[in-house]
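Please arrange chain E on chain B, whose structure you already have, making use of the hints.
Number of protein chains: 2
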Amino acid sequence: MRLYNVHTLEETEALIKSHFNSFETEVVILDELLNRVLAEDVYASIQVPSFRRSTVDGYAVHASDTNGASDTMPMLLSDMGSIEMGQAAEQNLKGNDTLYVPTGGMVPEEADAMVMIEYTERFSEDTIGIMKQALPLQHIVGVGSDIKIGDKILSKGQRLKARHIGALAASGIFEVCVYKKITATIISTGDELITTDQTLNVGEVFDINTHTLKHQADVLDIEVIKTHVLKDKRDLIKETIEEGIKTSNITLVSGGSSVGDKDYTADLIDELGEEAGVLIHGLAIKPGKPTIVGKVDDKLVLGLPGHPVSALIVFDQLIRMYLSHMHSYHYHTVTGCLTQNVHAAAGKETFVMVSIQDDEITPVLGKSGMITMMSRADGYIRIEANQEGLDKGESVTVYLLD
Amino acid sequence: MRLYNVHTLEETEALIKSHFNSFETEVVILDELLNRVLAEDVYASIQVPSFRRSTVDGYAVHASDTNGASDTMPMLLSDMGSIEMGQAAEQNLKGNDTLYVPTGGMVPEEADAMVMIEYTERFSEDTIGIMKQALPLQHIVGVGSDIKIGDKILSKGQRLKARHIGALAASGIFEVCVYKKITATIISTGDELITTDQTLNVGEVFDINTHTLKHQADVLDIEVIKTHVLKDKRDLIKETIEEGIKTSNITLVSGGSSVGDKDYTADLIDELGEEAGVLIHGLAIKPGKPTIVGKVDDKLVLGLPGHPVSALIVFDQLIRMYLSHMHSYHYHTVTGCLTQNVHAAAGKETFVMVSIQDDEITPVLGKSGMITMMSRADGYIRIEANQEGLDKGESVTVYLLD
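For the record, the sequence lines run as chains B and E.
Number 188 in the working numbering belongs to position 188 of the first sequence; there are no gaps in the numbering.
Number 231 in the working numbering belongs to position 231 of the second sequence; there are no gaps in the numbering.
The shape of chain B in the complex, shown without the other chains:
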């Protein structure tokens, strides 16, 4: 019979980070960058804007030509026509000349100010009256004033969102180097498990873990290659783990991670791994003690508790640790006050599922209320090992499961 080799979460994080810290990269185009993680710093190769742009609809002028202009004393300038959007301003603007430029249009080189159309009036076919003195550079955005060649736009480790992809587009960058998507195989084991397309007989239960882990993987940007629901047959589980290791970065096995007769996962990881095999067997957390962290051919193999709520929490915590070496992204958390006291297991970190209503955090409890815990929780809180519990009204931080 195997014995547990229990580690704290802190020790587990250090171990995972030291064993899994090199990630493959690939070049990906803008359209497919959402949620991908940059593998390099990105620098601007153009100036933005690349030409002097007007921020108003109005007339480009030499500011000095407008000195003293007012409603009652307009300065009359020669109308040289207009600039079209998207066109270079090639007109040569001499003294006392002016030119219409729309918002975002190019200001001709010789002009040093824009006058808003509200402060102008057409006096004749060739003459525009300026009714307000212009300050040099007013309403003009200079070349490179938003970004200069060589400026760092985004940093290695950033998880790309819509706004970041917009910034890349603005800089004329249409592909960048990102980390390859992490892939996973999910295996749920147990002689009692059936899939939702099968008929439930007495003694059987529908498998839950392939469903929750698959979709939670999706939330964490992990691509699930395949899911399996397997009976507790040693050879079958071994074969499937081997296939998982070949096709995925992470292989997850829920159930069979304890130390009983039919708990094969730890032995199989030791058999398959040429070097390390099982790194950790047992976590000092509640729920989640029967957890295995293993390494086979440089791939991560996790043995997760069979209980769906425990499996989900342990998966979320360990995968965040695994990914944290790749990206600098901080998962958003929500803070609020507890609506009731929460007890914790002495000497272990305790995780408790909670629901969030406005700023109020309510534990979702129930000895056997697995479905209730799954359907009502928005996330979970973590209580440190040295705390006996938390009091009603205390402020807590929630790890969101969204």
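Rather than coming from a laboratory, the hints here were simulated on the basis of the structure.
Just so it is clear, the structure is predicted and the values come from calculations on it, not from any experiment.
Honestly, I wouldn't trust all of these hints.
Derived list of chain B stretches under chain E, where covered just means 3 residues or more per stretch with a C-beta under 8 Å from a C-beta of chain E [said to hold, decoys possible]: (1) 85-92; (2) 113-126; (3) 172-179.
Think of the CB as a built atom: it goes at the ideal place given N, C-alpha and C, for glycine as much as any other residue.
This is chain E only, laid out in the frame that chain B set:
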């Protein structure tokens, strides 16, 4: 020349909700339910668990047979074998009989308690000693104790996450009725716009809006059918809007939403719509005044400001309004304290892009720093119309753009 017909955000929300409130539904299988919104309440059709389950590895007993049992005075029971996981317990357990049941296994009908294996000892091939008195029902989860037939598992309007899909699987439900995905066509207009695969000439800029809006749509679970970058040609824009209306629930047109000569969007919406056409032209917010809300053939057509930051904020706000009628999902927000004073436009609601560092909220400013605003912001804050600004240290709520 058109005139603005300005509305507050509150008025806009009421209008959008009154005009767009019927959504199509479809039946979808578990595997494809992530982030879909339930169109019906879901009730359990089985009991969970469907049989009495043991919560420990141990022996099933008649509790009364263990009265007085202790380490020094074990009660000796007849070993009737064991239950396998996934099997019905069909053994007939008479007085003084016992049976091994693993965690999660079925407890035979006649037994009314489980004794943990730690408190038992094998005395002979046929005899198990029980070293601790059992309380009736201990370590047994009753039929339906998690969920009963007819219990409501999930509610109409819920956005389904991994844990909800797990709860459905546990209940043996493999498909549910959800709202069809909302679809969108995104059109970015402007004579100065080019796409990232083109070469930048003087006076031109790379289009940003198709990129940010497409990916932000994805974040809001909207399926983008097609994106277009168009020159300011009335007929071309009209044709493309018509195509958008035919193929999508929402057609977005950025640029051309102001009241100038080349601002065609409002006119085109009025031309295309048989009834309402333009519902709103102008929002009392900053940035975002040049916004159009229109209705053509029961489809939503939005005219968005051309400025990328304004377009992104207005899009996010209006689409949340549109979707809020369909689902009860509350977007998670983050609360923190401002690191500096923020000024606001008097008489209008003001939106300010911000970055989040721990609990500190810092406005991302810069007159022309569009890329900076895009690349550094994590979300935006909203300042009410009657506030002149916010003070350093004040607590604010951030709409996340993730």
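These are the hints, each one checked on the structure:
1. 85-92: Per the Cβ count (5), the hint holds.
2. 113-126: Not satisfied, violated; 0 residues make the cut.
3. 172-179: holds (count 3)
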